[in-house]
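A.B. asks: In order, the protein sequence lines correspond to chains A and B. Residue numbers 0 to 151, in numbering that gives the first Met the number 0, belong to the letters of the first sequence in order. Residue numbers 0 to 177, in numbering that gives the first Met the number 0, belong to the letters of the second sequence in order.
To be clear, the hints were calculated from the coordinates, so they are not data collected in a lab. Worth double-checking, as some hints may not be accurate.
Said to hold, decoys possible - Listing some non-contacts, in silico: residues in chain A with all C-beta distances to chain B over 10 Å:
#: 1; residue: Leu11
#: 2; residue: Phe26
#: 3; residue: Pro66
#: 4; residue: Lys76
#: 5; residue: Val116
What the hints assert, rightly or not - Stretch-level coverage of chain B by chain A, calculated; a stretch enters the list once three of its residues show a Cβ under 8 Å from a Cβ in chain A:
#: 6; region: 60-71
#: 7; region: 94-105
C-beta atoms are modelled at their ideal positions from N, C-alpha and C, and glycine is treated no differently.
Residues per chain, in single letters:
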Amino acid sequence: MKREKIKEELKLEETKDGFLVFKSSEFYHVMERIKKDFPYLSFITAVHFPQEKAFDVIYAFRNIDEPEIIFLKTKIKEEEKLPSAYKFYKGADWMEREIYDLFGIEFENHPDLRRIVLPEDWEGHPLRKDYPINKAPEKYDYRKKPVLRRED
Amino acid sequence: MEELKKINLEEIYYAPLFNKFANYMEKFPGGGLILTTTKKLFAWSRKSSLWPVTFGLACCAIEMMAAYASRYDLDRFGVIARASPRQSDVMIVSGTVTAKMAERVKRLYSQMPNPKWVIAMGSCAIAGDFYRNVYSVVPGVERVIPVDVYVPGCPPTPEGLIEGIRKLQQKIMEGAKK
Chain A
0 MKREKIKEEL KLEETKDGFL VFKSSEFYHV MERIKKDFPY LSFITAVHFP QEKAFDVIYA
60 FRNIDEPEII FLKTKIKEEE KLPSAYKFYK GADWMEREIY DLFGIEFENH PDLRRIVLPE
120 DWEGHPLRKD YPINKAPEKY DYRKKPVLRR ED
Chain B
0 MEELKKINLE EIYYAPLFNK FANYMEKFPG GGLILTTTKK LFAWSRKSSL WPVTFGLACC
60 AIEMMAAYAS RYDLDRFGVI ARASPRQSDV MIVSGTVTAK MAERVKRLYS QMPNPKWVIA
120 MGSCAIAGDF YRNVYSVVPG VERVIPVDVY VPGCPPTPEG LIEGIRKLQQ KIMEGAKK
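Using the sequences and the hints, build the whole thing.
C.D. replies: Shown next, in the form of structure tokens:
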């Protein structure tokens, strides 16, 4: 399997759940190697750990020729930035924008890093664990706005 | 031919019209005369061709599409989806309205010519359902635009939506009686 080959070549650790863990400082090196065997980026997602003030960023790649999937994981601090995968996978554009929108993780060398789901003048990043579920900027808080009735 | 003449024209053609909007009706041999107000006549024509703007927000839109399609066939009531708000009379808000979408809903509503009506379809459009307290959700589309008919359900069946449209038609006719 190509997954095992990559694991040996890059000397990656494997967690109990089958994620291959890599260091964010080796990002370009790892992506370049994976692109050769896994040409399709399936999705990117993240998990917030408020006690550690850190994020896990998870990448899933697929092989088109043979049915195979590989999961990679990296840990970064809240204030750290992560390099963008756009250089290797064009599909990373919107996925990284979504991560930036909901988690506030910034990607270096991304061509167009703005919010994609929420309005552009939104404050805060809702999928962080310390974000209250019903907090919204004054402009978008419709709970405080009056109910409209037809006048005629 | 003999059988056709026996059918009571008054019963099948004039009587429903009279019930709907006529103030006075006179029968002539071979025809008839109806007196009414333009207000009632216009209301009758408006309710007979309610054109909704093509506009779906969430899973309720699937039920709305089923109601448009051949099995339920909203065309029977003169309801045809239009691709432009400029040609539409009614807006069916089918699904959860988010804070970002609320501005678009408001804009589409303001682009529709008068007279215009709004149907809030499903519990999300009525009051936000269980997304009510979520940061990005509008708790009921009535906080953005005024609503005429509420169709409850999660999602409502096509029959439910048809009932809502029939209620809106009744409302339009009742508005003309004042």
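A.B. asks: All hints, please: hold or fail.
C.D. replies: Hint check:
With a minimum CB-CB distance of about 37 Å to chain B, Leu11 of chain A clears the 10 Å threshold, and the non-interface call stands. Separation of Phe26 of chain A from chain B is adequate, the least Cβ-Cβ distance of about 31 Å exceeding the 10 Å criterion. Interface exclusion of Pro66 of chain A from chain B stands, the closest Cβ pair being 31 Å apart, more than 10 Å. Distance check for Lys76 of chain A against chain B: the nearest CB is about 25 Å away, which clears 10 Å, and the non-interface claim stands.
The Cβ of Val116 of chain A sits about 8 Å from the closest Cβ of chain B, inside the 10 Å cut-off, so the non-interface label is violated. Three residues within the 8 Å Cβ limit are the bar, and the region 60-71 of chain B against chain A gives 0, so the coverage statement is violated. Using a Cβ-Cβ cut-off of 8 Å, 3 residues of the region 94-105 of chain B lie near chain A, which meets the minimum of three, so the contact claim holds.
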